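One-letter residues, chain by chain:
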Amino acid sequence: MKKQLLVITAIASFSLCSTAQTILGVDVSSYQGTPTWSSVRNTSTKLFAWAKATEGTTIADADFTYNETNGTSAKVVMGAYHFAHPETNTATAEANYFVSIAGSYIKAGNLPPALDLEDPPSGTALTSYFTSSALVAWVQAWMTAVQNATGVKPILYTTGSIANYLGTSLTSYPLWTADPDGSPTATPSGTYLGSWPTWTFKQYSWNVTVSGITSGGVDGDSYNGDTAQFNSFIGPTVPPVCKTFYTTLPYSTSFETQWIYDSCGQADQRLPDKFWKSSIGGTTPDGDDYWHRDDYTGGDWSSPTSGAYTPAASNGTYSARFHNDPPPAGSTGALDLYINLSTAGTKTISFDYIHNEASPSPFKFDVVLSTDGGKTFTDTLMRISAQVSAWTNESVTTTATSSTGVIRFIVTDKGTSDVGIDNLSVSSTPTGIDEITTNTDMVVYPNPTDGTVLNGLFMADPAFNTMEVHIYDMMGRDVLTQQVEIERGRFSIALANAHLVEGTYMFVGLSGSERYIKTIVVK
Amino acid sequence: MKKTRIIIAVLSIIGLTAFGQDKTITGKIQSVDPYNDEFRLTINDTAFVLIVQPNDASKEKFEVNKEYKDILVEKKGKYELNSKYAEKTLVFSYYVNGKGWKCIKTIEPSKK
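Chains A and B supply the protein sequences, listed in that same order.
Residue numbers in the first sequence follow the working numbering, run continuously in steps of one, and reach 523 at the last position.
Residue numbers in the second sequence follow the working numbering, run continuously in steps of one, and reach 1112 at the last position.
Treat the hints loosely; a few may be bogus.
[What the hints assert, rightly or not] Per the computed footprint, the stretches of chain A lying under chain B, defined by three or more beta-carbons under 8 Å from a beta-carbon of chain B, are:
1) 23-35
2) 119-130
3) 157-167
4) 201-213
5) 216-222
6) 308-320
Hints in this document: simulated from the structure, not taken from any laboratory.
As the structure is a computational prediction, the values presented were derived from the model and not from experiment.
Cβ coordinates follow ideal geometry from the N, Cα and C atoms, glycine included.
So here's chain B without its partners, still in its complex pose:
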């Protein structure tokens, strides 16, 4: 009985830790591509998705903390990385959505 309780307790802790927690990755944005009406950012050779703010036809606002709403800028009809973030190491928090995409939630400067 005791053993069962311990296992349940451990599983509960693991579950609480794993579920609902955002993950983070630190790195530089290597490339930006359009992707299913959103944008795919490649960071450390891994694809992340920057979601366009719903109902924003201009696509200038993204679902990310306001300090980094200008992470992408439009030039000649194409969106590209704002030059002020080029080669900058940033910390990205992300969650995995229903489509299995790694969606960027917040961007912060690296403290390194």
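Same shape as in the complex, but just chain A:
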């Protein structure tokens, strides 16, 4: 229905326009102040608009949220663009910053995200800063990062000279060419297209007058196609079937990076990365049942500070948090990791867990496994239903083999304290380490370690006084083997000679039939 309305609106608008069927738009930033979007839409026959979201890694456009909110309310098809500073920052840093500001506005029914690649306002031209291949690599990295984070393919805005400089490598991304010849419909010459076979958007003027924008001239843009093509380009206004990405072994995360927006999910849903999905269910699900990074303050959660656990993370600054303040009894919140478990042998899932509630019943936290892409979860790997007052490492194993594995962390029912997981790793356990007879009665510290020393402490004196320790990296390589002496339940391992680089490792302690497996982090 919305799509039909859009088409009708577009045709009605263009009937007022001298260039019938030409889809026009503007792009705005804080230079334009705060446009009256209803006037832009109704009196200027403008249908789409890009709003500047970010620049570099520190500048968020002051009017971005205003423009997105009010433009959308006025039925203008909105989009977000990022002004690049490749001469200053890495592509990944800029992409992450852009997504953190603009992510929730990138979805089907809106314009795709755009990278604004032009000469910096000060200094020399980009073509003087970069070789062609280096500039292509920067742009490609930004495009990939944003597409991975949002699920939407970005487009590239640039000038003719830069388009030519980029060669052929980026032509799979739609081109928004800066060709201010004053004509929305004239086909840009090859000078402006570089190796692109065609143009998708054209910035035909840098100084058009638009009712509703009183600051002066504004950039005028046009779309190369008719209304049906435009609607197809921006995608349906209902969520498409989400694409599924399976990560490979080993996988680890401490949930430190900004969670990405699930463009296919409900509006406020976030995910740790593209290999995750989130869902709610049970008898009376509501938004409070969604998992988020612990510092989330968006629309899903009510009273986000209530029920928070301390410390907020067992490793780093953030953790994944199920906020139950309270969900209706019987509802569930699931956080699913899609992972290729086709490697033969035992796979170890290790994570830290906290749920500091003295009387959690009725409550359960399950780790369950699907081997059919999430259609059925038949293998319950672990269940916790009691209080766990401090961050505690948990490990479970499975020998299941499936290229479409899904590890689900699911909380059922209510409580007044939230549930946290952190420091997650999934890896193939090295040959011979296929049983864990005990794991929670020994801790290693400091964790994270600086790579010089690692200490161990048994909760009760063990029945043995030596232990064989292996440290494995996440590729399964044995990077350190050491026989340690245990005195009064304590031991210490010198790590310095192993020259461990920063990252996540697996600690395996062996003594007789006892197996101790811990995830450690070197920082």
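Please arrange chain B on chain A, whose structure you already have, making use of the hints.
Below, chain B without anything else, positioned relative to chain A:
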């Protein structure tokens, strides 16, 4: 009521003055650089943009009054300031376009 009318009147005058009016700057062109397929002229340490006439592949004509179409000349594939304007104090009128650029509209000799 009277106070409101006065405020509205004052704001209207300010608005009429501020909107749609070109600004001017007087100075010498310190440097010329290519900039996004246009040219950046630095005047009094401030960047201004000289827009190339649309659809002019030769880039020899600029969006400026005809007396100063030769403000830049091509030498060995690069555009530079025409020597006859070097060290000349000129008056530039400009407007701010949608990209926030200060675009030169006219150039006149300084009457000083």
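>> Run through the hints listed earlier and report the numbers of any the structure violates, in increasing order.
In response: 6
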